[in-house]
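Chemist: Mapped onto mature numbering (1 follows the signal peptide of the UniProt record, and there is no 0), the consecutive letters of the sequence shown carry residue numbers -25 to -1, 1 to 263.
With a cut-off of at most 20 Å between alpha-carbon atoms, the simulated EDC-like pairs for lysine to aspartate or glutamate come out as follows:
id : residue 1 : residue 2
1  : 263       : 52
2  : 226       : 166
3  : 226       : 165
4  : 223       : 191
5  : 182       : 55
What follows is a set of in silico ranges between Cβ atoms, one per label pair, in the way DEER data are often shown:
id : residue 1 : residue 2 : range
6  : 177       : 234       : 12 to 22 Å
7  : 234       : 9         : 37 to 47 Å
8  : 104       : 187       : 15 to 25 Å
9  : 256       : 104       : 40 to 50 Å
10 : 26        : 104       : 39 to 49 Å
No lab work stands behind these hints, which were simulated from the structure alone.
The C-beta atom is built at its ideal place from N, Cα and C for all residues, glycine as well.
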Amino acid sequence: MKKSIATLAIASALITLVITVNAYAKENFTPVDNKVIEIQRATLANNTHKNGYGPQSPRDLSEKEGDNPRIFGLAPDYTEMNLCNIHMHKNAEHKGGEFTKYAGNGDGTGYQTGFAYTGTLTSKEMQPTSNAICPSPHGGLKPGDTIELHYVHSTAQVQPGSTLGSCLGKSTVNPQLRVESQVFVLVNDDDALDFEELTEHSIEDDKYQAINLLNDTGTPIKYTGSTTGPSYNEQGSPFQVTWSVRPKVAKVDIESVGEWCEDNVYEEDHAHGVRNLVVNPDLLSEIK
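Please model the entire structure based on the sequences and the hints provided.
Modeler: Below is the structure:
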């Protein structure tokens, strides 16, 4: 009986989701009801319960507790690994530091949700751009938007490329993975950081490295988790990832982000959606 009720509840939420998504047009949409997010979380809990999944991401970085029993060692320092992918998410997936403002429930599929920069910007920094920045069916980027940039690293012998597949070598099917995460706020200011410089890479000591990764945005919060993205809102991620998330937000020139979207080795042309914040203690590791 309980299973039937849960199935009906999930079906009802899916109908709501379809209606919402069909009505969605770029920035003009109606956020889904809280119940949709609640059911997605319940479905995730049901699909992962006693199935051996390790700790999941993203999470509230201020919450240190976690009851997930799967233990794996932290990956080596990123300087000892190969940079294999760089991509960004619209709004921060993690909650913490200077990005704790909830952007709302979004469209139910990971867009227009997540967490935003809590600081203030000047009217000059918020001036609209004359051209579209990283456009997509879910809307592009604009001054004042928050993004979370993921520098993905692998212990496999690989080189920078598109998607997580670029991190899995032919001779190493189970490499250790590490994500160095930096949250940015987009500003219309050519004196702000240059995104193309931030994503430059070269070979250092036989390892592919992001040579301009910031080291002045606070002590990174490190924990064990998983890959992210809205495709895991109702399914557990099977990948084990060491996370290193910087708590302070940096300002980046939005025009340089647009230029990067037009041409980069990672074949990225837009900001990805975000996964629901994972709040179930059974899916979280303990932050030490």
